[in-house]
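Colleague: Here is what each chain is made of, one letter per residue.
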Amino acid sequence: MNIFQKVTLQSLKKNKVRTIVTIVGVILSAAMISAVTTFTASMSNYVLQAAIASEGAWHGYVPDADIETTQEITGASEVAEASAMRHLGYALVDGNTMQTCPYVYVLSSDEETTEMLSVRLVGGHYPTSGDEILLPEHLLNSNDNTFKIGDTITLALGQRMVDGYYLTQSNPYQEEETLEVRETRTFTVAGIYRRLSDRVESYEAPGYVAITGPDGNGDADSRYDVFFTMNRPGDIYSFLEDHALNGKTNDRVLLYSGATDVSGFESALRGLSAIVIGLIMFGSVSLIYNAFSISVSERTKQFGLLSSVGATRKQLRGMVLFEALVVSVIGIPIGILSGILGIGVTLLFVGDLFASLLTGEGVPMTLCISAPSILVAIVVALVTVLISAWIPSGRATKVTAIEAIRQSRDIRPDKKVRRSSGLTYRLFGLPGVLASQHYRRSRKKYRATIFSLFMSIVLFVSASAFTDYMVTMAGQGLDVAGYDVSMSLRQDGLALLDDQQLLQQIRDMDQVEDVAYLNERFLSCLFDSQDVAPQYAQQLDQEGTGTVKMLLYLYFVDDESFRELLQQHGLSEAEYMDPQHPLAIGVDGSRVYNAETEQYQTVELLASDQLEFTAEAQRDIVGYWSDGTETNDAGETVYMYRNRIDSEQVLELPEEEAMYSSTIRMGTRITDWPFFLSKSNGTTFLLPASARDTVFPGDGVVYGEYLITAEDHKAVVQELKNMALAQGAHVSPYDLAASEESDRNTITIIRVFSYGFVVLISLIAAANVFNTITTNIHLRRREFAMLKSVGMSRSGFNRMMNYECLLYGSRALLFGLPASLLVALLIHRSVIYAFDMPFRVPWKAMGISALSVFLVVFVTMLYAMSKIKKDDPIEALKNENT
Amino acid sequence: MELLRVEDLCKTYGRGENAVKALDHVSFTVEKGEFLAIIGPSGSGKSTLLHILGGVDRPTGGHVYLDGQDVYAQNEDQLAIFRRRQVGLIYQFYNLIPVLNVVENITLPVLMDGRTVNQERLRELMETLGLRGRERHLPNQLSGGQQQRVSIGRALMNAPALVLADEPTGNLDSKNSQEIVELLKLSHRKYGQTLIVITHDESIALQADRVLTIEDGTITRDEVIRR
Ligand SMILES: Nc1ncnc2c1ncn2[C@@H]1O[C@H](COP(=O)(O)OP(=O)(O)O)[C@@H](O)[C@H]1O
Ligand SMILES: [Mg+2]
Chain G
28 MNIFQKVTLQ
38 SLKKNKVRTI
48 VTIVGVILSA
58 AMISAVTTFT
68 ASMSNYVLQA
78 AIASEGAWHG
88 YVPDADIETT
98 QEITGASEVA
108 EASAMRHLGY
118 ALVDGNTMQT
128 CPYVYVLSSD
138 EETTEMLSVR
148 LVGGHYPTSG
158 DEILLPEHLL
168 NSNDNTFKIG
178 DTITLALGQR
188 MVDGYYLTQS
198 NPYQEEETLE
208 VRETRTFTVA
218 GIYRRLSDRV
228 ESYEAPGYVA
238 ITGPDGNGDA
248 DSRYDVFFTM
258 NRPGDIYSFL
268 EDHALNGKTN
278 DRVLLYSGAT
288 DVSGFESALR
298 GLSAIVIGLI
308 MFGSVSLIYN
318 AFSISVSERT
328 KQFGLLSSVG
338 ATRKQLRGMV
348 LFEALVVSVI
358 GIPIGILSGI
368 LGIGVTLLFV
378 GDLFASLLTG
388 EGVPMTLCIS
398 APSILVAIVV
408 ALVTVLISAW
418 IPSGRATKVT
428 AIEAIRQSRD
438 IRPDKKVRRS
448 SGLTYRLFGL
458 PGVLASQHYR
468 RSRKKYRATI
478 FSLFMSIVLF
488 VSASAFTDYM
498 VTMAGQGLDV
508 AGYDVSMSLR
518 QDGLALLDDQ
528 QLLQQIRDMD
538 QVEDVAYLNE
548 RFLSCLFDSQ
558 DVAPQYAQQL
568 DQEGTGTVKM
578 LLYLYFVDDE
588 SFRELLQQHG
598 LSEAEYMDPQ
608 HPLAIGVDGS
618 RVYNAETEQY
628 QTVELLASDQ
638 LEFTAEAQRD
648 IVGYWSDGTE
658 TNDAGETVYM
668 YRNRIDSEQV
678 LELPEEEAMY
688 SSTIRMGTRI
698 TDWPFFLSKS
708 NGTTFLLPAS
718 ARDTVFPGDG
728 VVYGEYLITA
738 EDHKAVVQEL
748 KNMALAQGAH
758 VSPYDLAASE
768 ESDRNTITII
778 RVFSYGFVVL
788 ISLIAAANVF
798 NTITTNIHLR
808 RREFAMLKSV
818 GMSRSGFNRM
828 MNYECLLYGS
838 RALLFGLPAS
848 LLVALLIHRS
858 VIYAFDMPFR
868 VPWKAMGISA
878 LSVFLVVFVT
888 MLYAMSKIKK
898 DDPIEALKNE
908 NT
Chain C
28 MELLRVEDLC
38 KTYGRGENAV
48 KALDHVSFTV
58 EKGEFLAIIG
68 PSGSGKSTLL
78 HILGGVDRPT
88 GGHVYLDGQD
98 VYAQNEDQLA
108 IFRRRQVGLI
118 YQFYNLIPVL
128 NVVENITLPV
138 LMDGRTVNQE
148 RLRELMETLG
158 LRGRERHLPN
168 QLSGGQQQRV
178 SIGRALMNAP
188 ALVLADEPTG
198 NLDSKNSQEI
208 VELLKLSHRK
218 YGQTLIVITH
228 DESIALQADR
238 VLTIEDGTIT
248 RDEVIRR
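Respectively, the protein sequence lines represent chains G and C.
The opening position of the first sequence corresponds to residue 28 in the numbering used here, with each subsequent residue numbered one higher.
The opening position of the second sequence corresponds to residue 28 in the numbering used here, with each subsequent residue numbered one higher.
What the hints contain is simulated information worked out from the structure, not anything from laboratory work.
On a predicted model such as this, the values are computed, not experimentally measured, just so you know.
Watch out, some of these pointers could steer you wrong.
[As the list claims (entries may be wrong)] DEER-style ranges, computed between Cβ atoms:
hint: 1; chain 1: C; residue 1: 249; chain 2: G; residue 2: 47; range: 51 to 59 angstroms
hint: 2; chain 1: C; residue 1: 212; chain 2: G; residue 2: 47; range: 44 to 52 angstroms
hint: 3; chain 1: G; residue 1: 890; chain 2: C; residue 2: 142; range: 42 to 50 angstroms
hint: 4; chain 1: G; residue 1: 29; chain 2: C; residue 2: 249; range: 54 to 62 angstroms
hint: 5; chain 1: G; residue 1: 341; chain 2: C; residue 2: 251; range: 54 to 62 angstroms
hint: 6; chain 1: C; residue 1: 43; chain 2: G; residue 2: 341; range: 47 to 55 angstroms
hint: 7; chain 1: C; residue 1: 142; chain 2: G; residue 2: 261; range: 53 to 61 angstroms
hint: 8; chain 1: G; residue 1: 825; chain 2: C; residue 2: 43; range: 48 to 56 angstroms
[Unchecked claim] Sample of chain G residues facing chain C (criterion: CB under 7 angstroms; computed from the structure):
hint: 9; residue: 43
hint: 10; residue: 44
hint: 11; residue: 46
hint: 12; residue: 332
hint: 13; residue: 337
hint: 14; residue: 338
hint: 15; residue: 344
hint: 16; residue: 429
hint: 17; residue: 773
hint: 18; residue: 777
hint: 19; residue: 781
For each residue, glycine too, the CB sits at the ideal point set by N, CA and C.
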């Protein structure tokens, strides 16, 4: 260690508080940086894991390989792991209704294979021997035969042949093929597994893949499906080419392994983290720079002395950089560890939320510590510290020896106490004037303080504004409906399925708690003005006709659900469900987003509990869809209906036939919403399904909707699909519960990360402010001592300091608040593209930041002054060598 | 033989209205091994002159030659090395590095050069300066006289040709003062160094070979006392 390093180390030791604050700054920034890089790494790892979960971990897949090829792959040095599944052959299964996929295709596996293929069990266990078998879930779904775990299944295994050639999974089923049975075996169903990715079992494949356990060795004629991973994932393409193998690659997994180009996701992720790291660097440079800058100016004398004894500029600069290194050596490792720890703990809590948010694979996001991410963090943190040190180090070299020598000379109170600032003088007296003069003289020194306060105000306010918008956006449509799953049937669905029977089936499902079946009619309603709440009546009936026209929904609810609803409200079934004179239930108090007040409002539209209104609706005709109106040759308006299958076939109905008009009586108005309605639909009328013919005689049902509540909504969705599939129809139930869950997760995640970010940035700023103020006060010891010695009282002192606090705080706010408002506006600008909402002035965040600014400044001042108060004025004045 | 030549040295602080002419066309020469005292009223420009001779301040005009070399023709780094090797500066306010101990402060110029310390010379210096037993003390653990002896040690460590002292006794009582002067004279004789001392003290000035009087930035008297 040379003498400069020694001086540096000793100085660091001597100014313990400042050194610690500097190190804390480095720790904070290294922690934030490593948190970002670790998070990025964990994220990339997560998408890879999710891809592996759905596709399997293999990189290459060679189907139908003979034993030599299998051994060639298994033995290749570039291959990391390989596992071969031996073909046991095809077998027909009873009751299989799928024309194009009549077989099961049996392969033997071992533990490695099931892992490499990510075979996931729906139930049961992995097969442990060749006598046990796993059947795929989709076989059961499309099969009349319901296999159960533990059943035995006898299969006549053989080869599919055409014209003397055998066929494989890549040859779709052909009419003329035959099955040459080789052996008949009996298996025990060990479990049911989720369908493999279509890369392994394509949708055209003629056999459902069934997997047995290890089944001994094959013979020379055996054929294998070989799955393998490479030591370097990128080598897979050349490997297949070099060995002339006809194989498949697991592109999604390879993409996220970084085998080929950087994936779009990865580059977006990296871009985003680069931006965040940039922000952090900016914030931390301002802190750490400040720390070094203070250190340099505090040591001006030291540099000058060294220079007068013959230190060169390079040596002086080296001292500052050495200081940076020392601080880094302590701060960066701690920071990086805490960053990793922080992300680790965070992921422990929100890792599962992420998983459900990004993919439905059920893979939790876990901490991934990668060498590159740590390396990047170290380098970025080091660069941050070095930049911060390099700038002030220039100043160190400019200190001339003579300045240093002379510095220890005169301390005179400022002779010219300007009384110009009359207000300051009146409010704070001489101390105030002194403070403002000090501020004016050392504006540069305090610029850093004000800048870091400014930065944290802006970051805090804009992060809060951003979070606020995101949360509002994600919170949209939460809790508007009481159901968990909805499934709608349009005409093609209705043509294939019996909607009433389906209702019964759904009602009978184990997981389903409640279900309602609705047929919707969109009505043009004519109300008596008195029946409508005055504020709306006025708005809608400006001409004073005494009637109000509104477009509202009417639902025909299946009788059982309607009956339940009547019971809940103590209403008479005889009255409401009288087929000749049905009574409607009005559901009022819908939730409407008011753009002006920025809040959801509950709108009660109806003023009466009982009323009558005229409803108009357009007739629905089964097999046709309505295509608006046209004017025919006779000049009459006609309603067009096009045939669903042959759109050239058109029905033209005159108005009298196309439009229904009916008087609907509403027997009661309720404001608690039944589970099957969505509050955002507006005021809604309900009638029993059995009343449909009375209200709109002869109307066809072209749209129906099932609304279901169920704890296990995922299972219900799956079940619904299977059920429909079994009847030859495709449905896509909407899992509202899942989407709400993911919206809630989004909110949690946004909150966790943005508040984490804000807290860290604020800590950096606080450390920064603390650093500057304490050091500057320390540097002014002698000035204070002098003021004391000429008789300034303690309260005068306090007043002086309070005034200084006010100056810094208000100046930071003066610039910070408008700037943050501007940033908030920009953020609003960018989010309104996605979601329209009014700009909100982030008062709360601005208030909090204003308070915190003053708090930090005052607390620091108090701390620094308490250190100084102990000073004996004579000692401080005399002590030249501190 | 001539060691130091000062030609038309000028130094002006500030500019325009506020300009202060601290040195106004000062010229003189100093022989090798000479003991020169500079006296003059406060504010007359003595310190300014000394700093310029020591290479810590730059003149606004004129030249300083040490051993025939133009001191201010050098760049900053060369000047730093010049300060390190050729001159020893002693100040009224010691100007020690507070975080370094006695030995480190004394050997600072050698350490800066990255050379190894001549232990023989260090021991001899410590002995002469009466600092034995205080090697590991920090400056603030020493009395004023001891601190000044440390700063003398630092100035002498590299055996510079020229030793400059700016009111070295200004902060000390008369007993300590005399000791310090004796030390300076001792090393002056022992190592044949050229010594320039600024002082207010008549009795110290009278011990010199030659006395320069400066008033208002110009040399008003140049008396040779001994030869
Ligand atoms: N850094 C400076 N800026 C302005 N004036 C200075 C500075 N240093 C010295 N002076 C002025 O130059 C003159 C000579 O000062 P100095 O050399 O310190 O005198 P002495 O050492 O003889 O007391 C004085 O008038 C002093 O006020
Ligand atoms: Mg002087």
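Colleague: Would you mind marking each hint as holding or not holding in the structure?
Modeller: Comparing the hints with the structure gives:
no., hint, verdict
1, 249/C to 47/G: 51 to 59 angstroms, "57 angstroms, holds"
2, 212/C to 47/G: 44 to 52 angstroms, "49 angstroms, holds"
3, 890/G to 142/C: 42 to 50 angstroms, "45 angstroms, holds"
4, 29/G to 249/C: 54 to 62 angstroms, "44 angstroms, violated"
5, 341/G to 251/C: 54 to 62 angstroms, "43 angstroms, violated"
6, 43/C to 341/G: 47 to 55 angstroms, "35 angstroms, violated"
7, 142/C to 261/G: 53 to 61 angstroms, "56 angstroms, holds"
8, 825/G to 43/C: 48 to 56 angstroms, "41 angstroms, violated"
9, 43, "13 angstroms, violated"
10, 44, "16 angstroms, violated"
11, 46, "13 angstroms, violated"
12, 332, "5 angstroms, holds"
13, 337, "2 angstroms, holds"
14, 338, "6 angstroms, holds"
15, 344, "12 angstroms, violated"
16, 429, "4 angstroms, holds"
17, 773, "54 angstroms, violated"
18, 777, "49 angstroms, violated"
19, 781, "44 angstroms, violated"
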